[in-house]
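Trainee: Chains as they are written, first to last, in the numbering used here: chain A, 86 to 589; chain B, 866 to 1207; chain C, -19 to 307.
Do not rely on the hints blindly, as some may be mistaken.
[Said to hold, decoys possible] In silico DSBU-like pairs for lysine-lysine, Cα to Cα no more than 30 Å straight-line: (1) A/LYS137 x C/LYS168; (2) A/LYS556 x A/LYS396; (3) B/LYS870 x A/LYS107; (4) C/LYS192 x A/LYS137; (5) B/LYS1053 x A/LYS461; (6) C/LYS168 x A/LYS225; (7) B/LYS1053 x A/LYS430; (8) C/LYS168 x B/LYS1078; (9) A/LYS370 x A/LYS420; (10) B/LYS1078 x A/LYS358; (11) B/LYS1053 x A/LYS396; (12) C/LYS192 x A/LYS198; (13) B/LYS1078 x A/LYS430; (14) A/LYS486 x A/LYS137; (15) B/LYS1186 x A/LYS486; (16) A/LYS324 x A/LYS314; (17) A/LYS460 x A/LYS430; (18) A/LYS415 x B/LYS1053; (19) A/LYS472 x B/LYS1053; (20) A/LYS528 x A/LYS573; (21) C/LYS192 x A/LYS535.
Hint data in this document are derived by calculation from the structure and do not stem from the laboratory.
Here's the letter readout for the chains.
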Amino acid sequence: MQEQKTPRLVMEGITKEFPGVKALSNVSFQLFPGEVHSLMGENGAGKSTLIKVLTGVYSNDEGTVKLEGSPIHVANPLEAQDLGISTVYQEVNLCSNLSVVENIFIGRQIMKKGRIDWKEMKSRAEEVLARLNLTIDVTKLLSSYSVAIQQMVAIGRALNVSARVLILDEPTSSLDTDEVNQLFGVIRKLKDEGLAIVFISHFLDQIYEISDRITVLRNGELVGEYMTKDLPRIELVSKMIGKELDAVSSNRDEVAKKERGEVLLEVEQLARKGSVEPFNLDLHKGEIVGLAGLLGSGRTELARLLFGADKADSGEIKINGSKTKLNIPKQAISKGIAFCSEDRKAEGIIPDLTIRENIILAMQGINGVFNYIPKKRQIEIADEYIKLLNINPRNPEQLIKNLSGGNQQKVMLARWLITNPELLILDEPTRGIDIGAKAEIMKLMISLSKDGMSILFISSELEEVLRTCNKIVVMRDREKVSEIDNGKQVTQQDIMKQMAGGVV
Amino acid sequence: MAKSKLFWPIMVLVFILVFNLFFDPSFFTVEIRNGRFTGSLIDILNRGAPLMLISIGMTLVIATKGIDLGVGSVIAMSGAVGAMTVTGSPEGSLTPLFLAIVLALGVSVLTGVWNGVLVSRIGVQPIVATLILMVAGRGVAQLITNGQITTVYYEPYKFIGGGYLLMLPLSIFIVAFVFLIALYLTRKTSIGLFIESVGANPSASRLSGINSKNIILMVYMFSGLCAGIGGLILSSNVASADGNNAGLWYELDAILAVVIGGTSLMGGRFFLTGTIIGALIIQSLTTTIYSIGVPAETNLVVKAVVVLIVCLLQSPEFRNKVFGAFTRKGIKDTKDKGVTLS
Amino acid sequence: MKSLKLDYRQLPLLATFALFIMMYAFGSTRYTGFLSTQVFLNLFIDNAFLIIVAVGMTFVILSGGIDLSVGSVIALTSMVAASLVMNAQLSPWIVIPICLLVGSLIGLGQGCLIHFFNLQPFIVTLAGMFLARGLSYLISVETIAINNPFFDFMASSRIPLGDSFISISVVIALVVVVLAVFVGHYSKFGRNVYALGGNEQSAVLMGLPVGKTKIMIYVISGFCASLAGLVFTFYMLSGYGLHANGLELDAIAAVVIGGTLLTGGAGYVAGSVVGVLILGIIQTIIVFEGTLSSWWTKIAIGALLLLFIVFQRVIVIRSKVKKSSVT
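Make the full structure from the sequences, and use the hints.
Mentor: Have a look at this one:
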């Protein structure tokens, strides 16, 4: 039916070039009122550039943008907002040092007699949030609320501008299931009210749950526009990566049958107040253990305890049978533990340094100040791992900040692999990287485990966990709830039940 | 990378020196007088010694995304301690000299510990943490000298800043020594890598097993030490200690030298050689202004203009806006010819 | 408990007030004659110019920036005023607007450099500091004494307040404070300053006029500095290139002691005023003590800075711990 409506927004023939890169070439996009339209593509496909052109962060070199039939030229985010085009970003882009009221109204405060009318704004803010089924004290600082609520406030701000187009850029990345459901409830409500919504996410489940239509981009070009119900998942994935999908073929039989080596790590009653309840775990050599759980279930927190990134309050860790204290990362590294953080940007890469320097950093960290690895040797190591992990570009002297997310992740892996760890902890290693790199990383995990390395794999993508892990540990509410041996009979539903708990 | 970063500073320095040649054709001549090399170039090196020293320390601090505003006060404190130790000492013995050096440098390193602990252990922003010492340190220096300008009559003390070795001022050797040590430590050990990684991303560095707290503590101690040596040279130069005015505005000159040298105030990559050139630019400016007979106070205006020009040249926004018209073409042209621009 | 629950933002401000009262009480019990209205009012009379500078500095620091040029702008203003009045024999009614324009223009220049070329406030205002002081030396290296009926009037008139009095400068300073409090809390510009200090990137994406706000902040700071320069000139009745040497540090110290976070985004203009009064009371105590040398002022200010900075850290760490235990 929607085909007969007039589109609210039409972007036609959009081209945007950066020095050396054609980020968008002749891309078209249309958006109808009362629909949720997903924008899909690998990293570098041009999704975010398209959004930035639409919201006035970038200006397009060619092409036209029409809002309700009339051409518009958006010079900056403020103009976009004035036209009714608002964006809610993954990292909530509000000011957490201001109150909720202020975050909703700042820039367009209600004035009375030349001064800001705080009283009126407070009641209006409460109304706006009530539309989103949210009742909170709006005079408190934004920073005193959870990310999920902050995101709602961001949507509230967008709505208050009488939005006609709402762009949600990876809004669910840091939300747990309940929060996602709540958000989807709000999205459906707004859709029914006739808002046109652009929804961007890496989670296929969510795309299929919420969106009506999908536009796929690849390498800055338009692949096509499809109704969600007419597009099977496997086809969507192959359209995104541009080839038939066989890299992710399953090898679960192999995974299930594998024999266990000796015990490498024994964790007993390990706990930290407010983040992990007493936790037990045995990890064998050459074993891949998946750690599944919702956000806030304590999975990252546990990993940080095992790496000494945070200090445990109580409990015991034995490595190869001997009791060990892990209070700082350096201790853990010297005991053969490596940890790839989920937050690559904040806790992984050193942006100003080269690929080579980023690779040798952890090894140099254990070597200490005076046992410096000669530069020649550094280059050899870097070259070796660039080849091994297929890192692009090949030049070890390239600055890491110029690499794509997937390649940065591979450099992080290289950093830890050269320390020759016995236990590799990977926290969401596949988040935010393209599908090709995901498959490569999973392949690598399996081959490392064959060589005897133990891996603790944290991932939100249950499919990935099932495909690679020998054993799956499920956490809920900071506690371990079950330990499942992987095999053909284990399904995503089984694990989800454990993650959700109670009656499902 | 490093070479291109040095291009503009060197050009500026050369320009200033050549500019002098127009006013004083003998500007570049170095003569031997009384068994010592003399000449304007030697003079610039000699007088610029304290600034170069302090800027070396400042470079490492800035590379960790820090800043040390306390160096001016440390100069005053170190000079005060040194001068007060040797006042009234007998000429014959060298013991007071060594005692003065040890005490003065000890106090300077302690101030570095103070700053370093505030920044690395308590987590105070560097600009704020070192502001405390900038304000209070001068008070302490005056406390040590009892608010007087103390004159030193003990001859050996004057050797630190005024002495000669191999026909060259001793201070030049001191600078060269400290510079080489800094170069060695940052290029032949992993300290340089650690400093850059801590400056660019502290939490990632910690997770890579680097003790960023100790690295930060260390650079502030080093900066304190450099300021202390500079303070001794300055105090020895004038054979006195002045708690109120010694080392006034040195922190700003040093920051200036670092920035001119190409190290970003945002931390990360640092360029020690660039810093030395930066310090020399500042010193030659001062010398130039004196030698061409413009009122000394103009120095401040010229410094301001130089800071702005250097900062603007380093600002990508400025380059885009001003040279924007050429950039796209420029990149293509240089690629074809295999030439690299700046 | 709920009624007692305080926003952690206000803790530093309360501590500042408490400290002021404690110091005042300490002085009153220790020295005879300390507890007089005039001694209290003198705090305002002697520090009127510092209050004005601190108000401008508060906006700068709230936005996450810093302005090192204010002390030099005061010196430059005093030189411009003195040379125009004494050498050029211009009427004060022409001289005053010129002076205010000079400071505002310097601020405008600094703001533009910071915004358009994305230079760091620290380094730009450092250049501004050199420039302004250098320019005042270019006008004259010597002190220029001012001998003008209007300036004499501004310097010597007393506005009676009961048995005591205040000066015209105090009135000017208080007007500036009231205006600033209003701007900070009730104007769009003021709120934009807080947003900018909280998270500049967010402020851009929220469509706030970040550039205009930034430039305006430095214009205001420059304006306040030149106004303070005039008040300072009334106080000293001379122009001199060395006037207000290092005053930027006092202003920054007053703002920090007044409870404004140096990282920006939180703090109050009123706090900075109390911060100035605390600096003033330290000096008063040292004067009353008689035997203490002037350098103890610096050491005391340093100690207070340390106290407040560590205090701010503790609050920030506490609030973080609280948050992480909630989520």
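Trainee: State for each hint whether it applies.
Mentor: Hint check results:
1. The straight-line distance between the Cα atoms of A/LYS137 and C/LYS168 is roughly 26 Å, inside the 30 Å bound, and the hint therefore holds.
2. With a C-alpha separation of about 26 Å, the suggested pair A/LYS556 and A/LYS396 falls inside the 30 Å cut-off, and the hint holds.
3. The suggested pairing of B/LYS870 with A/LYS107 holds, with an alpha-carbon distance near 29 Å, which does not exceed 30 Å.
4. For a cut-off of 30 Å, the pair hint linking C/LYS192 to A/LYS137 stands: about 22 Å separates their Cα positions.
5. Between B/LYS1053 and A/LYS461, the direct Cα distance comes to roughly 12 Å. Compliance with the 30 Å bound is thereby established for this hinted pair.
6. A hinted pair counts as satisfied when its Cα atoms are at most 30 Å apart, and C/LYS168 with A/LYS225 qualifies at roughly 19 Å.
7. Among the hinted pairs, B/LYS1053 with A/LYS430 is consistent with the structure: their alpha-carbon atoms are about 28 Å apart, no more than 30 Å.
8. For the proposed pair C/LYS168 and B/LYS1078, the alpha carbon gap of about 41 Å is over 30 Å, so the pair is violated.
9. With a C-alpha separation of about 14 Å, the suggested pairing of A/LYS370 with A/LYS420 holds against the 30 Å cut-off.
10. About 25 Å separates the Cα atoms of B/LYS1078 and A/LYS358, which keeps this hinted pair within 30 Å; it holds.
11. For the hint pairing B/LYS1053 with A/LYS396, the CA-to-CA distance comes to about 33 Å; that exceeds 30 Å, so the pair is violated.
12. Proximity of C/LYS192 to A/LYS198 is assessed by CA-CA distance (about 23 Å); at most 30 Å being required, the pair is judged to hold.
13. Of the supplied pair hints, the one linking B/LYS1078 and A/LYS430 holds, its CA atoms being roughly 21 Å apart against a limit of 30 Å.
14. Simply put, A/LYS486 and A/LYS137 have alpha-carbon atoms about 20 Å apart, close enough for the 30 Å limit, and the pair holds.
15. For the proposed pair B/LYS1186 and A/LYS486, the alpha carbon gap of about 24 Å is at most 30 Å, so the pair holds.
16. With a C-alpha separation of about 16 Å, the suggested pair A/LYS324 and A/LYS314 falls inside the 30 Å cut-off, and the hint holds.
17. The suggested pairing of A/LYS460 with A/LYS430 holds, with an alpha-carbon distance near 26 Å, which does not exceed 30 Å.
18. Between the alpha carbons of A/LYS415 and B/LYS1053 the distance comes to roughly 22 Å, so the proposed pair stays at or under 30 Å and holds.
19. For the hint pairing A/LYS472 with B/LYS1053, the CA-to-CA distance comes to about 27 Å; that is within 30 Å, so the pair holds.
20. Proximity of A/LYS528 to A/LYS573 is assessed by CA-CA distance (about 19 Å); at most 30 Å being required, the pair is judged to hold.
21. At most 30 Å may separate the alpha-carbon atoms for a hinted pair to count; C/LYS192 and A/LYS535 exceed this at roughly 60 Å.
The structure does not agree with the numbered hints 8, 11 and 21 stated previously, though it agrees with the rest.
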